[in-house]
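> Residue numbers (the working numbering), protein chains in the order written: chain A, 1 to 150; chain B, 1 to 662.
Read the hints as simulated data drawn from the structure, not as lab findings. Hints are all accurate, no fakes.
EDC-like cross-link-like pairs, simulated, lysine to aspartate or glutamate; straight-line CA separation at most 20 Å:
id: 1; chain 1: A; residue 1: 6; chain 2: B; residue 2: 269
id: 2; chain 1: A; residue 1: 65; chain 2: B; residue 2: 606
id: 3; chain 1: A; residue 1: 65; chain 2: B; residue 2: 602
id: 4; chain 1: A; residue 1: 70; chain 2: B; residue 2: 531
id: 5; chain 1: A; residue 1: 70; chain 2: B; residue 2: 606
id: 6; chain 1: A; residue 1: 70; chain 2: B; residue 2: 602
id: 7; chain 1: A; residue 1: 70; chain 2: B; residue 2: 523
id: 8; chain 1: B; residue 1: 267; chain 2: B; residue 2: 200
Okay, the calculated beta carbon distance ranges per label pair:
id: 9; chain 1: A; residue 1: 46; chain 2: B; residue 2: 518; range: 33 to 43 Å
id: 10; chain 1: A; residue 1: 11; chain 2: B; residue 2: 62; range: 50 to 60 Å
id: 11; chain 1: B; residue 1: 334; chain 2: A; residue 2: 18; range: 22 to 32 Å
Every residue gets a Cβ at the ideal spot worked out from N, C-alpha and C, and that includes glycine.
Chain by chain, the residues:
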Amino acid sequence: MTRKQKRLAIIGGGVGFLTLAVLLVMFAFSQAIAYFYVPSDLAKADVPPGTRIRLGGLVEAGSVKRGDGKTVTFTVTDTLGQVPVTYTGILPDLFREGQGVVTEGTFVAGSSVFVADSVLAKHDETYMPKDVADRLKAQGVELSGKETVR
Amino acid sequence: MIIELGHYALVLALATAFVQAALPILGARRNDRALMELASSAAVACFLLVAFAFAVLTFAYVTSDFSVRNVWENSHSLKPLIYKISGVWGNHEGSMLLWLLILVFFSALVATFGRNLPETLKANVLAVQAWIAFAFTLFILLTSNPFARLIPAPGEGKDLNPILQDVGLAIHPPLLYLGYVGFSVCFSFAIAALIEGRIDAAWARWVRPWTLAAWTFLTAGISMGSYWAYYELGWGGWWFWDPVENASFMPWLAGTALLHSALVMEKREALKIWTVLLAIMTFSLSLLGTFLVRSGVLTSVHAFATDPTRGIFILAILVFFIGGAFSLFAFRASRLKAGGIFAPISREGALVFNNLILTTATATVLTGTLYPLVLEALTGDKISVGPPFFNMTFGLLMLPLLFAVPFGPLLAWKRGDLIGVAQRLFAAVAVGLVVGSGYYYAMNGGPILALFGIALGVYLIAGSLTDLALRSGLGKVAGNVAWRRFSGLPRSAFGTALAHIGLGITLIGIVAVTAFETETVVEMKPGMTVDAGGYTLRFDGMRNGSGPNYSEESGHFTISSGGVVVTDIWSSKRLYQARRMPTTEAGIRTFGLSQLYVSLGDQISEGGIVVRIWWKPMILCIWGGTLFMMAGGFVSLSDRRLRVGAPTRAKRPKTIAVGAAE
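Next up, chain B with everything else stripped away, as it sits in the complex:
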């Protein structure tokens, strides 16, 4: 019964989305306040309905209701509770429902917190959000109903793909979707601006927080997914340039560009049309990503539960929204007044440079991802475009941008002094080269490019700190004055610095791992030792064990350094009973920022086993850097200039205003 209620709520949500999609736009045209205000209540209602449907599905999973086909296919009564819950989005139907839930959640946020948006803009934004919600609700109801019943109900479920039974995967999709779908708000703002034919700096101020929030979550989602693939797949890789990874990376790149161009628009009223275009492109890439992941048109190592027939439906949604948005853009963009012009050497110029490189890099990733599809359709040849392609194109194109990053914040608006900035960054360059060379010699040589890679990363960090130091007048004024100025800097300045520092840290991790990691594949018998990264691993033997829904064989390794036992590692192979599916649980030990990574292969002879051991120097920097980027995002979000509704203070009782101020 409760299951049918969930299904029914979803049908009601479809109807609500339809109302929200149609009437407010009409209201905005006729200047009818009643119709426009309908949008907010409809958005909240739609959110509550979808949330109810989602809660019902979660309930079915938690109570292991195998009369629901979706639960039977993806759950098992012995599964730990957390994986029963994460199983809700570990499959196609449930993950689409999560996608929809987050979409309507954002609509409800706009409805609730967008109190001081102009009435017509708000009505139009919510209507566009509702078009998307309508399309995806229809998709779920027609092709991927998670509430379909199975009669008679089986006694036991088929279990979730064991590789998905992991904490990382419990939180990765929600974070990723918060990012992907968060860009829908930017898209809706862009379409609303095109519908109204009017756009100004205030528009950028409203859009920036949404972009920032979506970007921060997407960063978290990608980073989480990368770390999950690293420790769960047992291959020791953290990025494969796989189509599914690219699908999430492209909106991230475009979103990063959007974040920077919206800045120019807010401050200088320039790049208006470009920002609108970028907002449309970013969400289009999110939709494309959803399509690529959900349709299974591309051979990927990460795609789960894909179904080509559903792909056509998503493709139709994709064509409608992307095609519609670009047509609208073509017809209406000329009505948006172009902004001011500025000198090429200026902060605006630097941000344009950033946008140019980021969008070009996005385009190369898009080309590499879709080229196999296009080639196969045209010639029938099947090819694979792998990491070498992306390293050669994307990697090279990003280099000038990485070098330019610290210049941006140091250049003045309107007219900058490139030579002056270069002089101020001289120290940062020097620090980078010194640390780079130091690390290079500590590692006893290696590829010379690694020296410059590390130097570039350190320079990014030092350059961002230089900006903060110069702004607070460090060295020019007394220490306490500098401190006061430092703590008085706008939060967005710290946000920028943190994000750029994070980029530097991630770069250092990538370079160090790529250049200096070691991989050893050996057949080991108990008592044998292997050296990796300055540590000695001794294989002690195997042990059999079992968990709630799997059995496992674990190998035990003792790690010593200079003859002294430091720690030990268990590395296992598991066999999940319900699906008879084996997985590798790599054994990982962290030493500072570096890791030893041990995964087991096949047992060969009496007690002998193939073991793969990696030494991953500085690998934690890769994800550590993204933590800094996220922190940058949140700090920037808390800047009062960016707080939602900042342009005008709403009238509030004084007591609350005081309470809210600090």
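So here's chain A without its partners, still in its complex pose:
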């Protein structure tokens, strides 16, 4: 191979690989990301059953109920809307009524209950997920000092 051909082979291989990577990233973005909603958004947005979303808000006081042992139901609220959530598993240490929470999962067809497969709370007891805090603030919910983002 001549110098020129060698260079072309390397550049060609590189460009080909990069194209592949870009296509892969675009495909993954169309498949593997979850949009974030708060309960009042869901009335407006039409989320088809089976689509993975993140649902965030406050755990409504008095709504946490334990079913047959490991299944927990609770209501996520942003004061304007409420969504019932079920979750099977162990809740994070910092999961508390009245505190911010982010859940991830899907709606099951024919039901308004959100089935979460993960419930996130952070390592910090003063934590309010930023997404939740922003939305709640936008909707005029007063956050007490303890709950604001640090």
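Got chain A sorted already, so can you dock chain B onto it with the hints?
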């Protein structure tokens, strides 16, 4: 008083950094030796000043001086000593001070051990280091002063976030920062080369040890952090593709690429401009990581004590250094003479392939990490990019690289023989497939991809051993000759093999855990049993206890196999008094390379409790592999060709030279 001295030392360090940033560069331009030599003494002075400030803060923590706001916010007089010390960097201000300390430590190392660097290069490198040190000292003094006083002093502190009170976290940040910040030296060398407009193979020889050291520490830091998250958070996960994890992983990927491209540059004088660019990118990603972690712009499970207002300052530093470096690169790169060209099938070609894939993979991780930020800024939509995205993009892109790894060391420089190498690796492929299938059948099936994943890992190990065997002529020459050749191989050959073997081991762990782990969530009452991973766990009951600054409830489990009691597990939930914060202390038992992992949930009824039990097959391979990578790094560092200052032997008294030789 001592606190004010610490603060004052930091102010002096700022002034020293300013001198070190300005004068040596001037000296290098005017060829003024006095000005250039100033850099070394300034670097050492700066290190001593920052070290003093750091020692003062540590002293304040150890003596629980709550008149210092930072100590009050993050410490407690009842805390064990080790966590009083680790509390120094368990918060924003202290961790930035640690960052700075490590930065100036590296500058001082360059100043001390870089005796036979060309004068101008050394002056420029130290000056660039000082720019970074200046920016971060200013940042600490203006926005995050750890020495701020609190008057009147409270009687008791607020305690460190209990989840951070752990040995893993005591050593994780220093290791991680040694890695992150270690790449600053590569960055400074790259900028110095651009300033001088000159670069050669010797440059790569000086840069390689720093890259290797930083890479080794970063590997240790990431691995430590992953293991800490695994046992401390109680979720049983070891990697979440969380923004903060990605922030440390991206410099690691870019640093790995740099390590390999510097090799080409040192041996073949090729890829010069690319190596300089990669050095700049690696440290830029470290800075970006610091920004992401410290500013809290991304929702993360790991970020502690973040403050958005400070983020702007770090962003400014980020823009200045990254923007400045890339502009300088754009203007000056053309002055660096391009290196030689080589055949696509050659060791250089293989290393280019490595670089192509690693940088592309870094780019996908960067895209996935920053996309939510960009999308929110543009459209207001909030999304989360989670593990599925990264598995789909990063995972797939890395596959060809993993397969190609054993080919690299076996290919010759300049012009390689791909078919010949493939033939030599045939045995490794066969071993991989046999072990993969064996494991697959031992696990009674599972996803078929797991078979190939395990096979790929075993092939990586076998392929790396093949390289060592071929080099020592095993099977072709007599055993003792082969042994002599084997022990005479350069240390860097062992380093390469160890690191690649480590990669294989980690891969095996990842595949085995992902494919074969089992998770059981059950409500248990005393006397109930659950099976996991071939063992039977019996729940015996709960017990209350307490530690120095917490109270806990622990569940006791007896583990038996085939009716015989093997061992037991305590798994607890703790409540830390000062912050009224609960944590989970998972109970973990190791069986060979696999682990049983038990974490407790809520108590339900009389004596009943929700329990989550995982069987994690081969999970220790994940971190065991990184130990091999680290060993590879250290062995490679000890290679005499790479020893700092190796190109020319300094004149030393003969006795010392003998002593230093072995």
